[in-house]
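Our numbering applies: residue 3 is where the sequence shown begins, and numbers increase by one.
Bear in mind the hints are in silico, worked out from the structure with no lab data behind them. Here the structure is a predicted model, which means the values were calculated and not measured. In this text, a Cβ means the ideal position worked out from N, Cα and C, and glycines have one as well. Do not rely on the hints blindly, as some may be mistaken.
Taking lysine-lysine and the DSS-like style, the derived pairs with C-alpha atoms no more than 27 Å apart in a straight line are [what the hints assert, rightly or not]:
#1 Lys31 - Lys17
#2 Lys99 - Lys73
#3 Lys61 - Lys99
#4 Lys108 - Lys61
#5 Lys31 - Lys73
#6 Lys73 - Lys61
#7 Lys102 - Lys61
#8 Lys73 - Lys108
#9 Lys102 - Lys73
#10 Lys49 - Lys17
#11 Lys73 - Lys49
Label pairs and their in silico Cβ distance ranges [unchecked claim]:
#12 Lys117 - Glu53: 26 to 34 Å
#13 Asn80 - Pro105: 22 to 30 Å
#14 Leu50 - Pro105: 34 to 42 Å
#15 Arg51 - Gln74: 41 to 49 Å
#16 Glu110 - Ala62: 16 to 24 Å
#17 Pro23 - Asp107: 50 to 58 Å
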Amino acid sequence: MTQTVMPPDILENLKPDWVVPLVALLVHKDSEENGSIFEAGGGHVAKLRWERASGLLLKADDTYTPGALLKQWDQISNFNGAEHPAGPADFLALLDKSLKMSPGDKGETLDFTGKVALITGGGAG
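Make the full structure from the sequences, and use the hints.
Encoded structure:
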């Protein structure tokens, strides 16, 4: 797929052969890694982690609107006290809290006239 957009010398350094050592290590009987994300290629290997902003929790009802999000956008994108989710259970705990909340402030009604939004993979897992 990348042969037409990358120079051959770059492609040579990004071939799958350079990922095999990491995969071999991860499947080794002594490896304790589980559910981790790694970046590998061209001689570089690094463990990555998800980082979640402190965020905003709203009740998932008709008060959950673009205006409600806009009103508290600073909280949504605030990485002070960021969390490092360990898996789906972290999100399910937030969902459980949301279900127990009272309805919130809808905020202002936003006008999307003439705008197009394209969402791919929304809810596809």
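Results for each hint:
1. For the hint pairing Lys31 with Lys17, the CA-to-CA distance comes to about 26 Å; that is within 27 Å, so the pair holds.
2. Our distance criterion of 27 Å between C-alpha atoms is met by Lys99 and Lys73, whose separation comes to about 21 Å.
3. Note on Lys61 and Lys99: the hinted pairing holds, with a Cα-Cα distance of about 8 Å set against a maximum of 27 Å.
4. Restraint check: the Cα-Cα separation between Lys108 and Lys61 comes to about 11 Å, which is no more than 27 Å; the hinted pair holds.
5. At most 27 Å may separate the alpha-carbon atoms for a hinted pair to count; Lys31 and Lys73 exceed this at roughly 51 Å.
6. For the hint pairing Lys73 with Lys61, the CA-to-CA distance comes to about 15 Å; that is within 27 Å, so the pair holds.
7. This hinted pair checks out: Lys102 and Lys61 have alpha carbons roughly 8 Å apart, not beyond 27 Å.
8. The hinted pair formed by Lys73 and Lys108 meets the criterion: a straight-line CA distance of about 9 Å does not exceed 27 Å.
9. With a C-alpha separation of about 21 Å, the suggested pairing of Lys102 with Lys73 holds against the 27 Å cut-off.
10. With a CA separation close to 19 Å, the supplied pair Lys49 and Lys17 stays within the 27 Å bound.
11. This hinted pair does not check out: Lys73 and Lys49 have alpha carbons roughly 35 Å apart, beyond 27 Å.
12. Between Lys117 and Glu53 the C-beta distance comes to about 29 Å, which sits within the given range of 26 to 34 Å.
13. Between Asn80 and Pro105 the beta carbons are some 23 Å apart, a value that agrees with the proposed interval 22 to 30 Å.
14. Separated by about 37 Å at the C-beta atoms, Leu50 and Pro105 satisfy the suggested range of 34 to 42 Å.
15. With their beta carbons about 25 Å apart, Arg51 and Gln74 fall outside the hinted range of 41 to 49 Å.
16. Distance hint check for Glu110 and Ala62: the Cβ-Cβ separation is about 20 Å, which falls inside the suggested range of 16 to 24 Å.
17. Separation of Pro23 from Asp107 is about 53 Å and conforms to the stated range, judged on CB atoms against 50 to 58 Å.
Of the hints listed earlier, those the structure fails to meet are numbers 5, 11, 15, in rising order.
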